[in-house]
Amino acid sequence: MNFILLIDYAGTFAFAISGIRLASAKQFDLFGAYVVGLVTAIGGGTIRDLLLGVTPFWMLQPSYLVVTALALIFVFLLGKKLILLNNTFFIFDAIGLGLFVVVGIEKSLAAHFPFWVAITMGMITGSAGGILRDILINEIPLIFRKDIYALACLFGGLVFFTCFQLGVSALITQIVSAFSVILIRVLAVKYHISLPVLRGHDNETPSKIL
Amino acid sequence: MNFILLIDYAGTFAFAISGIRLASAKQFDLFGAYVVGLVTAIGGGTIRDLLLGVTPFWMLQPSYLVVTALALIFVFLLGKKLILLNNTFFIFDAIGLGLFVVVGIEKSLAAHFPFWVAITMGMITGSAGGILRDILINEIPLIFRKDIYALACLFGGLVFFTCFQLGVSALITQIVSAFSVILIRVLAVKYHISLPVLRGHDNETPSKIL
Amino acid sequence: MNFILLIDYAGTFAFAISGIRLASAKQFDLFGAYVVGLVTAIGGGTIRDLLLGVTPFWMLQPSYLVVTALALIFVFLLGKKLILLNNTFFIFDAIGLGLFVVVGIEKSLAAHFPFWVAITMGMITGSAGGILRDILINEIPLIFRKDIYALACLFGGLVFFTCFQLGVSALITQIVSAFSVILIRVLAVKYHISLPVLRGHDNETPSKIL
Chain A
1 MNFILLIDYA GTFAFAISGI RLASAKQFDL FGAYVVGLVT AIGGGTIRDL LLGVTPFWML
61 QPSYLVVTAL ALIFVFLLGK KLILLNNTFF IFDAIGLGLF VVVGIEKSLA AHFPFWVAIT
121 MGMITGSAGG ILRDILINEI PLIFRKDIYA LACLFGGLVF FTCFQLGVSA LITQIVSAFS
181 VILIRVLAVK YHISLPVLRG HDNETPSKIL
Chain B
1 MNFILLIDYA GTFAFAISGI RLASAKQFDL FGAYVVGLVT AIGGGTIRDL LLGVTPFWML
61 QPSYLVVTAL ALIFVFLLGK KLILLNNTFF IFDAIGLGLF VVVGIEKSLA AHFPFWVAIT
121 MGMITGSAGG ILRDILINEI PLIFRKDIYA LACLFGGLVF FTCFQLGVSA LITQIVSAFS
181 VILIRVLAVK YHISLPVLRG HDNETPSKIL
Chain C
1 MNFILLIDYA GTFAFAISGI RLASAKQFDL FGAYVVGLVT AIGGGTIRDL LLGVTPFWML
61 QPSYLVVTAL ALIFVFLLGK KLILLNNTFF IFDAIGLGLF VVVGIEKSLA AHFPFWVAIT
121 MGMITGSAGG ILRDILINEI PLIFRKDIYA LACLFGGLVF FTCFQLGVSA LITQIVSAFS
181 VILIRVLAVK YHISLPVLRG HDNETPSKIL
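Chains as they are written, first to last, in the working numbering: chain A, 1 to 210; chain B, 1 to 210; chain C, 1 to 210.
One chain only, chain A, in its complex shape (with noise of 0.2 Å):
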């Protein structure tokens, strides 16, 4: 338990760490480096609970709002110095990822959904809070033009599925998924695996669409 809530918290720190930094390259102030940071880390996993219909897990303990605290202080703290720990942001954030997934998964089996929407809250877990975050700071959701992120989260949850179906134990299981999601995640930025962009559609405006 305790190792699993340390992930929970690395991850947590990782994901409000890359909402803070994008804020203050856009000159927010502290506060709101603050809350963009804050809904990167959270905004996924409040978004799952609001559609499953269960309180935000955020409101049961005050330790998120603390974790993002302690990354806006670090972030204070070391200013440029943070580049030097690009790559080990990175490793904290796929690693968040894959617990993010396995979790958001876990907390839909257990609200009597079925399958295809756990993998669903899996993929929401994971990627809406970067979403969000991107729509705080006004810019294009990153994840929709670059790497693969959801499809990470999506290969997660089929592991997660297959090893359900054939009756792994629970803990096996979790490591297994979390880790496949780990995996293409570091694979695809290694080697900058990207998804194919749909072509054919670069004049339209959306009042010619529609």
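Worth double-checking, as some hints may not be accurate.
Identical copies look the same in the list; a pair holds intra-copy or inter-copy alike.
SDA-like, lysine to any residue: derived pairs with alpha carbons at most 20 Å apart [said to hold, decoys possible]:
| # | residue 1 | residue 2 |
| --- | --- | --- |
| 1 | 146 | 196 |
| 2 | 26 | 81 |
| 3 | 107 | 60 |
| 4 | 107 | 54 |
| 5 | 146 | 30 |
| 6 | 26 | 196 |
| 7 | 107 | 50 |
| 8 | 146 | 168 |
| 9 | 80 | 196 |
| 10 | 80 | 13 |
| 11 | 107 | 86 |
| 12 | 81 | 193 |
| 13 | 26 | 197 |
| 14 | 146 | 27 |
| 15 | 107 | 186 |
| 16 | 80 | 168 |
To be clear, the hints were calculated from the coordinates, so they are not data collected in a lab.
Everything numeric in this text was worked out from a predicted model, so none of it was measured.
Given chain A, work out where chains B and C should sit, using these hints.
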């Protein structure tokens, strides 16, 4: 029942197509285009269901995810030829809008909300998906500036209310309301009818106003 | 009761006015301006109620939709002369903010959430509407970069908590907390007090960070 289901899927398909095409024009990858298409198709109904306090409709059966996947394949295969089908999509879109408004009203009345809430939910069901779509692609929501869209939903809602007060049968009420939405929408686009714009605030920026 | 209701409507009116004016500056049509005004006025309370798991307050009585409609008519009739009333609106806005924070805290405590959740909900009630407004008009949320806004809400929340711990009567607690919010807000705008901005990340883009 089957007929309504068919219209529901046609509307979902048309809404998803509009999201996927706009995402493609912004160089989103396949996954990004899928998400934008899905949010366009189910976003309005999802917000409605969260406000009503019921489980979002698309979590009860996987067909909406499947229809959106078909829409993605369709756009991928047809490419530039899609432009030739613009009128067909517009009709599908208008029919879907009519149905969505009626579904939104009926679901709200079934949840024991008063008529003014139900009409508002009809408008949200029809309009909010397109607003979320435009937020995701980082554009100002189109329906706030062009043609008459939400007003068509409002008109359909008032027609529904009038039929209800006059004791018209449920089936006729549904059909007449949906057709009112479609009619207003078609007339607005055909004759380029738009709502007036508020004047006299052109030079104001957020910082000047607040 | 009537006095609180009056303040509630004055605050709603001022919040709606700010949304309508910003929407007008972006050439939104009348309906678009109405929606932006409404979201500004009720958005914070709606997110709070969804997080608390209760029916959004504005769905229980139509007055908020009506007050927003009056705000739209008001902006339409006064046009450029509105600028002369900027100070009045600012005061209404600050008073509304104070009330919204107190309402958000009390509603959360009534739903049996702990104080740190209640204070967070007070901040969300006061701030989230303005954030949603700026997302709809496709601008970076103003409150993340200018003056002290959410911090005023936080301060009011801490004052509420202190009064509560000291056993101060409910009425006095409400008044003192609301006034704290208004005071901080007025001082921040009058003396152009802003939170510091995080430095040293000016050249970072999302793609460099993630």
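Homomeric proximity label, residue 81 with residue 193: Cα distance no greater than 20 Å: neither (28 Å within a copy, 29 Å between copies)
Intra- versus inter-copy proximity for residue 168 and residue 80 (alpha-carbon distance at most 20 Å): neither (45 Å within a copy, 47 Å between copies)
Same-copy or cross-copy closeness of residue 107 to residue 86 [CA-CA at most 20 Å]: neither (31 Å within a copy, 42 Å between copies)
Status of residue 13 relative to residue 80 across identical chains (alpha carbons, at most 20 Å): Result: close within a single copy only, 18 Å intra versus 44 Å inter.
Up to 20 Å CA-CA - residue 196 versus residue 26, copy category: between (29 Å within a copy, 13 Å between copies)
Intra- versus inter-subunit Cα pairing at 20 Å for residue 26 with residue 81: This pair counts as within: shortest intra-copy Cα distance 18 Å, inter-copy 34 Å.
Intra- versus inter-subunit Cα pairing at 20 Å for residue 107 with residue 186: neither (25 Å within a copy, 45 Å between copies)
Identical-chain pair category, residue 26 with residue 197, by Cα at 20 Å: Classified as between: cross-chain Cα gap 10 Å, same-chain 28 Å, threshold 20 Å.
Homo-oligomer pair classification [residue 30, residue 146; C-alpha up to 20 Å]: between (28 Å within a copy, 11 Å between copies)
Residue 146 and residue 168: within-copy, between-copy, both or neither at 20 Å Cα: neither (33 Å within a copy, 54 Å between copies)
Same-copy or cross-copy closeness of residue 107 to residue 60 [CA-CA at most 20 Å]: both (15 Å within a copy, 17 Å between copies)
Intra/inter-copy verdict for residue 146 and residue 27 if alpha-carbon distance must be at most 20 Å: between (24 Å within a copy, 10 Å between copies)
The structure fails to meet hints 8, 11, 12, 15, 16 from the earlier list, while all remaining hints are met.
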